[in-house]
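Chemist: Residue numbers (my numbering), protein chains in the order written: chain R, 1 to 158; chain E, 1001 to 1316.
No lab work stands behind these hints, which were simulated from the structure alone. Remember, it's a predicted structure, so these values are computed and weren't measured experimentally. It cannot be assumed that every hint is accurate.
Unchecked claim - Cut-off 16 Å, straight-line C-alpha distance, at most; resulting in silico cross-link-like pairs (EDC-like, lysine to aspartate or glutamate):
1. R:Lys54 x R:Asp20
2. R:Lys14 x R:Glu64
3. E:Lys1239 x E:Asp1210
4. R:Lys146 x E:Asp1197
5. R:Lys146 x E:Glu1193
6. R:Lys96 x R:Glu67
Here is how the chains run, residue by residue.
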Amino acid sequence: MSQEGNMRRVTAIKNGTVIDHIPSGKALSVLKMLGIEGYMSNPVSLVMNVPSKKMGSKDIIKVEDRELTQNELDRLALVAPDASVAIIRAYSVAEKLEINLTEEVVNLARCTFTNCITTNHREPLPHRLVVTNRDPLELRCRYCGKTQDIEELVENLL
Amino acid sequence: MPGLITMDDLTNEEIISILDDAERLLPVARGELYLPLLQGRILGNLFFEPSTRTRMSFETAMKRLGGDVVNLGDVKTSSVVKGETLFDTIQMVDGYTDIIAMRHPRQGAAQYACDSARVPIMNGGDGAGHHPTQTMLDLFTIRQAHGTLEGLNVVLAGDLRYGRTVHSLSHALVRFGCNVTFASPDSLRMPEEIVNDLKIHGAEVVETDDLLSQINSADVIYMTRIQKERFPDEEEYAKVAGAYKLHARDLDDAKAEMIIMHPLPRVDEIHPSVDSTRHACYFEQAFNGVVARMALMCWLLGVTVPEDITSEGGVL
Ligand SMILES: [Zn+2]
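Throw the hints in and build the complete structure from the sequences for me.
Modeler: Next up, the structure:
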C-alpha cells in the first residue's frame, strides 16, 4: 500500500499533531508516555502495523487540537526516538519538530527499586534516570544504580 | 562536589596514588609520628545504621591527622526519627563540617547526599550498594603483602551473593588484571550480572564450590561470613557452611606469601589456629582501614601528603 493510502486510513486533521514513524506496536506506549488517555476530550486516531517503506511496518498517531510541548517530545523520544512529529494547522504541516533523546531524564519516572533513597516522597531532589542504552532502552537510577527498561518506565511515570 | 561514592569515582592512577600516600602515612597511623595534615578540619560521621568498626576507623583516621570529629549520635534519639529528610540532615551537617562519612540503610543515599552537599561525601555503605573505603583498604592490604596488585590469583570465598564487600572488590581487582576465583555454595554464588560484567572487562573468572582445592594456587584468600539466616534450617546451614571454613592444617601446601583476609567480624569461618600462621592478615587489614581512610580524606580535601613525612612530622 502507498504512503498516501496510509494517511487515508484516518481522516486528515485540521489542527493538532501527527506522530509518524513510530516502531510497530509502540503506539500504545507512546500514548501512555504522553499521558493521552481515553477520557480526554480531544479526538485521537491511531493506526498500527501499517506498511512503511523505511521501517517495514509502523504505527501512526494523530492528536487533534493539541500541539505537543517540548517536555512531551522528550518523553516521546524514549519510546520512539526516530519518530517524526508534525504540527498541523489548517490542514497543512505548519512545523516539523525535532525529537532528541536526552542523556538523562529528570522527574519523568521514579526508580523501580523499593529500597532506593528516592522512595521517600519527602526527599526533595529530583528523580534522575540516566540513559545507559538507547536500543533497547535502558535507564539507570543516578542514585542507587538500579536499571529499568521501557516497560517498567511506562509503569513508573510520575 | 567530588566525593567517593563508588570505586568508579577513582581512576587506576588515582587508586595507586592514594595507596602510595597511605603507605607513607603508616607511621602516623601507628602513632609513631605526629603529622597534623588535617588540623582544624572537622569530619561529620553520619551513621544512620550502626557500624561501630567503620565509624571508629573514620574517627581514628581524622584524629591521627590532627582533625576533629562530630557524630550524628544515636539515630533513635536524633532528628531522623522525627522524620527529617536526608536532604535536610545534610544541609545542617554540611554547614558544620569539612567532610562527611556516612552509612545509610537505603541504596543510593550516598550519591543523593553528594548531590545535596557542598563538602565531600565518603560512602561508608548504602544498603546493599557500595562500600568503596572498604575496597581501598582491601587493595592496600593486598598490595602491601605482594608489592603489586597486578596479575594475582585471588580467591573470594563464602557468601558471594549478598556480600557487597566482595562485589566492589572483585570489580577493582579485575581493573588491575587479577584472576578471580569465586568459591561458594551454589545458593550463595556471585550474582550472574556481576560475573558477566567482569568477563566483559576481560577477566578470567573461575566459579567453584570447592574452596580447599583452590588454596595452593592462591595469592590471596578473601573469606566472608556465611549467615545462618540465609538457610532454611540449622542442619542445612551446618552442612553447607562447613565447607567454607579454614583451619591451619588446610594451609600446609599453600604458597609461602599467600594471605588470608576477612572483613571481620568472623564467626567460625577462620579457625583460631590460623591466627598464628604467616598467612593470617585480617587484623592487619582492619588496622589498614585507618591508614586508607587517612589517605582518602587528604585526597578528597586536596591536602598533599609530603613525600618525606619523617622530616615534616614530629614526635607524639
Ligand atoms: Zn534508585
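Chemist: Look at each hint and say if it fits the structure.
Modeler: Each hint tested on the structure:
1. R:Lys54 x R:Asp20: Holds, at about 11 Å.
2. R:Lys14 x R:Glu64: The hint holds at about 7 Å.
3. E:Lys1239 x E:Asp1210: With a Cα-Cα distance of about 14 Å, the restraint between E:Lys1239 and E:Asp1210 holds, given a limit of 16 Å.
4. R:Lys146 x E:Asp1197: holds (15 Å)
5. R:Lys146 x E:Glu1193: holds (12 Å)
6. R:Lys96 x R:Glu67: At roughly 11 Å apart (the allowed maximum being 16 Å), R:Glu67 and R:Lys96 satisfy the hint.
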